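J.: Each chain, written out:
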Amino acid sequence: MGPLVTQDIIGGNWNFVLAFILGLFFGGVLEQAGFSSSRKLAGVFYGYDFVVLRVFFTAAITAMVGLLFFHYFEWIDLSLVYVNPTFWPSALTGGAIMGLGFIVGGFCPGTSVCAASIGKIDAMVFLVGIFIGISLFGFTYDWWVDFVFAGDLGRIKVYDSLGMRQGSFAFMLIAVALIAFYATRWIEKRVKKVEY
Amino acid sequence: MEENKQASKYMNPYLAGFILGLVLLASFYFTGRGLGASGAVKSVVVTTVGTVAPEFASSTLFFESGASEGESPLKSWLVFEVLGVLLGGLISGAFAGRLKLKVEHSPKISSKTRLIAAVLGGILFGIGSQFGRGCTSGAALSGMAVLSTAGFISMLAIFGTAFLFAYFMRKLWI
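Here the protein sequences line up with chains U and C, keeping their order. Numbering of the first sequence is given in the numbering used here, commencing with residue 519 and proceeding in unit increments. Numbering of the second sequence is given in the numbering used here, commencing with residue 356 and proceeding in unit increments.
Just so you know, not all the hints are guaranteed correct.
[As the list claims (entries may be wrong)] List of simulated lysine-lysine pairs, DSS-like, C-alpha gap at most 25 angstroms:
#1 U:Lys707 <-> C:Lys526
#2 C:Lys364 <-> C:Lys430
#3 C:Lys526 <-> C:Lys463
#4 C:Lys526 <-> U:Lys711
FYI, nobody ran anything at the bench for these hints, they're computed from the structure. All values derive from a computational prediction rather than experimental measurement.
Please construct the entire structure, taking both the sequences and the accompanying hints into account.
T.: See below:
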């Protein structure tokens, strides 16, 4: 039963090999999907290309449904799977800053690595920017530390936050995705094409 | 309707999303954690500061691990994963004939404007990822897959804010 590394079914050093292999596929599929182009990524915010929404939503739902089934068949012990803790003020602020960074810079960290790998110079300087940004945060860490740890809700699940059952939430998310896939096709047809 | 020639060279987005979802699922199954990106840059930052100014680093919580005697923060899961992303992207780009050194930008702006915007965007993403405990991959995508509330807050905040500012930044893109 998974996760295999966490339970020492696979040795610790193999973890790094696995990380590299998973990264290979991660980078490969991002590039194949067109995530190595900032103008393609930005399309989602102007309605001329919704590839980000399609790939992102499909991936999240595939992994979510996969985990639920793996749990159901007892192939994975979900209590050993890392769930990022919710510190809501910090998560909200960080997300907002990242959103601004996305529309200004045209990448997110993962896609910038992917784009830099095929020679996009704008992606390389974006990576330099991330380095500077994290350094700035680090040097001023004392100012933020209280805020970063405020509003601790622990490893809370979204369906508990909303007072829903797990299955109902998963179903709702899939329905929202399908509606979004359909609606964005409709929008894309009506928005002026952008050549890039 | 005329198809965008560039776009037709890319993989079907739903297929790409499905494969990405399987990679993410494999990551959870094998290693118990999702994918990420900004954390690897943080390892580089912490290591750099720990090497350049070890005394300063050991006195601050954020950089502490960069100056400690133990294993270097560069020997971390995310660093190996991001090295994989780099090679995976390179291989895919090579097969698709997309390897080319260039600054991609809208014809309405200069390369210089694009590069300045890219650095600024990167700085913002770097800062934001530290507040958000991860970026679009680590906090939003992986968080959503495990149905964590933080994952959904991150996703909504990232895309919501980008939409909110899209109008003001339109000259950069369209």
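J.: Go through the numbered hints given earlier and state which of them the structure violates, listing their numbers in rising order.
T.: Result: hint 2 breaks, nothing else.
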